[in-house]
Amino acid sequence: EPEVTQTPSHQVTQMGQEVILRCVPISNHLYFYWYRQILGQKVEFLVSFYNNEISEKSEIFDDQFSVERPDGSNFTLKIRSTKLEDSAMYFCASSVGSGARNYGYTFGSGTRLTVV
Amino acid sequence: SQQGEEDPQALSIQEGENATMNCSYKTSINNLQWYRQNSGRGLVHLILIRSNEREKHSGRLRVTLDTSKKSSSLLITASRAADTASYFCATPQGLTGGGNKLTFGTGTQLKVEL
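Protein chains in written order, with my numbering: chain A, -11 to 104; chain B, 1463 to 1576.
Only chain B is shown next, with the shape it has when bound in the complex (with noise of 0.2 Å):
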């Protein structure tokens, strides 16, 4: 599998369930970071957990990380229609010095119904 591989692809939940998007990455990382893309717009940062944390909460968002096996999972707790989006975990890679890109995962697609 490639980096960053979440898990469900496709998610639909009832809106106020919680909604639990997985990704697995393979490489080391010193963070990993969580974004949202509604359909055909562009990407909004959520959170960033660094490789010594795991857990790090904003507002409805909760996310773990485990280094030992190399995976995180993003918890939005109480859903809400808007929060219907593809959910992309990314982690960087390459250069500390340059900037490093993010490579991104294929996403969850979540949708969430009234």
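Chain A on its own, in the form it takes in the complex (with noise of 0.2 Å):
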């Protein structure tokens, strides 16, 4: 069964650093999503990516996130200062198509991400 991979599991940083979270998505997916969960919050959209570009983005998606595909295989979710409040679950995540293409989203295992 194909997986979408995520890197690191888990990852501590200070207040105020930079952090890149991987992914490698299922292979022949095109489009791209990740989402995040505060501990005992409902799982939130960030950001859809499709054909290099960013489809959409919630408004938690501010100047701080960026995401990027800089190969074939890999896309990354980068938060360039750190809040504590960023504090939380990272899950990407793949899906083959969209709208009436749509069969369902594969998810990654998730980054817990701990600003201290």
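Hints were generated in silico from the structure; no laboratory data involved. Remember, it's a predicted structure, so these values are computed and weren't measured experimentally. We put the beta carbon where it would ideally sit given N, CA and C, even for glycine.
Output of the computed footprint for chain B on chain A, the stretches with three or more beta carbons under 8 Å from beta carbons of chain B: (1) 30 to 39; (2) 90 to 101.
Derived pair list, reagent style DSSO-like, types lysine-lysine, alpha-carbon separation capped at 27 Å: (3) Lys45/A x Lys1532/B; (4) Lys30/A x Lys1518/B; (5) Lys45/A x Lys1488/B.
With the hints as a guide, bring the two chains together.
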């Protein structure tokens, strides 16, 4: 069964530091996403990425966040200057299609980010 | 209420019993998805039901969709301890060409006891 792989599984960083969360989506998927889940809260959408550009982003995804697909396999989320409230589980997801060609999303197992 | 609200919030049953979880949503959808999350782990896609479908089965899972009531239910038959997890419904919103963001509900925490 193809998987979405996320690294690292845990990251502890000091407030103000930059972090990069990495993801390898499923190879034939075209749509990529980042979500986050603050402990005890809902899973929240951050950003979607298609055809090498951001297709949609939430109000959470401010100038401190950026995404990149630096090569044909990796998809990264960068937080430039972390804040305490960025502590959460971050999930990468990918899907083969959208709309009528949406067959569901495959999520990675997440990166638990702790900002201290 | 928000898009994708599950009911009940928590459910505790004995192994072998059936578990039913409900989800309500507010806006028009072209599909609705159910996911499972084991504690502290990633989300696992269980089943997708399209707006023109009323019922769908996958193994021990049965999902129904009533677009007139904007509601869906997930039935897990003959539950096992390994089914203990949080279950979320999710509805795609937004752009059809650029990837639909999922809006998740608050989830139902299912506990299956031996």
